[in-house]
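Asks: Here is what each chain is made of, one letter per residue.
Number of protein chains: 2
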Amino acid sequence: MIPQVIWPNDMWMHTLAKARELDAKDVLKNKRESFALPNNKIYLDGNSLGPASYAAQTAGQSVINAQWQTDLITSWNVHDWIRLPQIVGAQIAPIIGAQEDCVIACDSISINLYKLLHSALNLQPDRHVVMTQKGNFPTDGYIAQGLMAHRSGVCLVYVDEKDIIAQLDESIAVLMLTHVNYKTGYMLDMRQITQAAHELGILVIWDLAHSAGAVELSLDNDEVDFAVGCGYKYLNGGPGAPAFVYVNSRYHSQLRQPLSGWMGHARAFAFEQDYVPADGINSLLCGTPNIISMAVLKGALTIFNDVNIADIRQKSLGLSAFMVSVIQQHPVLQAFELITDMDDAKRGSQIALAHPDAYSICQAWIEQGVIADFRAPNILRVGFAPLYISYCDVLQAVDRLAYIMQHKTYQAKQYQIRNSVT
Amino acid sequence: MIPQVIWPNDMWMHTLAKARELDAKDVLKNKRESFALPNNKIYLDGNSLGPASYAAQTAGQSVINAQWQTDLITSWNVHDWIRLPQIVGAQIAPIIGAQEDCVIACDSISINLYKLLHSALNLQPDRHVVMTQKGNFPTDGYIAQGLMAHRSGVCLVYVDEKDIIAQLDESIAVLMLTHVNYKTGYMLDMRQITQAAHELGILVIWDLAHSAGAVELSLDNDEVDFAVGCGYKYLNGGPGAPAFVYVNSRYHSQLRQPLSGWMGHARAFAFEQDYVPADGINSLLCGTPNIISMAVLKGALTIFNDVNIADIRQKSLGLSAFMVSVIQQHPVLQAFELITDMDDAKRGSQIALAHPDAYSICQAWIEQGVIADFRAPNILRVGFAPLYISYCDVLQAVDRLAYIMQHKTYQAKQYQIRNSVT
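First to last, the sequence lines map onto chains A and B. So for the first sequence, numbering that gives the first Met the number 0 puts the first residue at 0; every next one is plus one. So for the second sequence, numbering that gives the first Met the number 0 puts the first residue at 0; every next one is plus one.
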């Protein structure tokens, strides 16, 4: 590996040796071979869209070119398509510290939040306040706003995410929080907040979009009420992969949600006129599941079969701390302001670097083969997915960032801001 | 083609000659080559799950093994993933007689019905009755029931589908009807009912699950208000393919629905705190779309590029009439009672044959290579997909049914009833 810029003193040699040493000791290092990563790219955006694994690709090939083609409609039974939401849920369960029958894969995070908000409000007939954090990923608030338009009396309050516990009171029905902030990477204390909320009779819905598969979670042990999460980020389930829902078993008999489609019926195939919810988590199903996407997600999740989430978390913290320390030492990188709180207990698996030209820098970095993400107005967002990113990748990425900054290549052309999906 | 049973007099030779003559004249006959059909199977269940086309398979391969693998997150722009709901909607539009910007692909029929029911009720502030047909596919009613649980005052009324217009009055806000009955194949008069409803100020939501891609539709010309439909039946989009929604342009500025996820925001990527609906049909989007399934559906729809829906309809009516006439002539098939109204204006693209042993007969038929469907309690449901079914297929299928009935092979073992998806 040859640096593109001049590093002060013997910093390059020293840091490269360190990166190689850390990679040599990495217990996850062989996992990279499971992923179909493009050549000559360093992918620091797995927190937007995880990459394709060979297992996911094989699963996609199998469902499209073998199951669907050959067995057609009989695949619902022959290949157990009908149980994929439960099967995939059971795969996700250990990743988030949950019992298998508390998790099901279906629909999108937005739609699942809608189901859970109604379910939670139905459990709190005398309370009408939904509280969420300022700077939460917008769709969470939008869904609450959509619900308020037809569910009278419900109101939505936004609080600072660093001051949640102090703002809790007994008027609040539901606290809806994203565990790791999509922009800054700030991570809330799930156990502490859940406990404080419960003491005031508040139910909590956690959005795990930026934590499932990247940080250790103990939903059952932390007595979490409800959660939603994402299949396409750290779980690498493919673009727009199905989301998942968690419901603590203590609410399984009381779940009532309005997206009461036939797949959530107690006897879906009896074709009865009146809706009767299925037992437990199954009542959160709505329409016919998206089998191809679900099968790809199922394949992708096999990568986690022999992985310890604690190892992922440890390496994630190591990779991000390593990047920050290298950035802070290189003279040409001093213009970046680190937004992320580097306290291990307060960050997820990403860092946020502020710079007035963050958008152009992100584009120039992509041209150098390093894919990160831009978040308006000025955030360069860097995600760390320990299953396929090495310490040497991180060092090389920083070297290329230094190159861009030293030569100001990001100023060379006008980059037009285009949309990208979180 | 050699018959498995003895046919009376010269009926086999005569009917085979007729089938061959009809196939020779079939303007759609070459379309069969576009489908990856399994050998030695006659598929009469395309109204449950359409088969894989090579175009759909290629699209799946491309999105999984090329786009996702190579271009990762940048695919949202590079491969226009972000516009797939609109692109696929525009592909479906001509198939259902709609302007391109009135159709969008997203979510499931159940979820889309929920959006439309709220939207339609919001346009009818002084009315609270939702009317639907008895025997409608259950999910449609279940969704209305789910909505009623939290939207006060709304009530749901079921009417006989042969007596809808007589039951309409000015108390009704929304008439929610499935165009072609999933079990019997009975088809409603869309234009006439829509017009009668409009005269009383009633809005109509049509469920096109069993009609889109199989019968001629003129949503714009018939002044239809709203519709939903299915990607995985006659559109052959793959198991659990995304559904679609149609909204007449006259309501585009007034659409308000509660599943207000970020993809339906006027400025999805501005990450604003407050939801502002996008213009027109785009406001029906909710969460991140399921890209792999959407790409497969996009590929599947290219089959329709050079097809005239009138030709599909004509052949569909021909195939089903041919089957009925052959069944009615063969002595061993007289135990079946034809449930479907054979008036061309009153049937979709399927027939329903009642028999006390319909389930076992269906299983035995599948063992003979003919895949049809069973609907409780006693219906053998046979779907006709003119893009890949020939008149000779139909004749052979009837011959095998006669074989089963003659030798009573369906009584030979106990078939346990298993579920299957409509």
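Some clues are possibly wrong.
So, partial list: chain A residues that the calculated Cβ filter (under 10 Å) puts toward chain B [unchecked claim]:
hint	residue
1	A35
2	P37
3	S107
4	N111
5	H127
6	V128
7	Y181
8	M262
9	P330
10	R399
11	Y402
I should point out that these hints are in silico values taken from the structure, not numbers from a laboratory. Using N, Cα and C, we set each Cβ at its ideal position, and we do this for glycine too.
Asks: Please go over all the hints and tell whether each is borne out by the structure.
Replies: Verification of the supplied hints:
1. A35: With Cβ-Cβ at 5 Å, under 10 Å, it holds.
2. P37: holds (5 Å)
3. S107: holds (3 Å)
4. N111: holds (8 Å)
5. H127: violated (13 Å)
6. V128: Where the cut-off is 10 Å and the nearest Cβ of chain B is about 17 Å from V128 (chain A), the hint is violated.
7. Y181: holds (9 Å)
8. M262: holds (8 Å)
9. P330: violated (30 Å)
10. R399: Since chain B brings no Cβ nearer than about 17 Å to R399 (chain A), farther than 10 Å, the hint is violated.
11. Y402: violated (20 Å)
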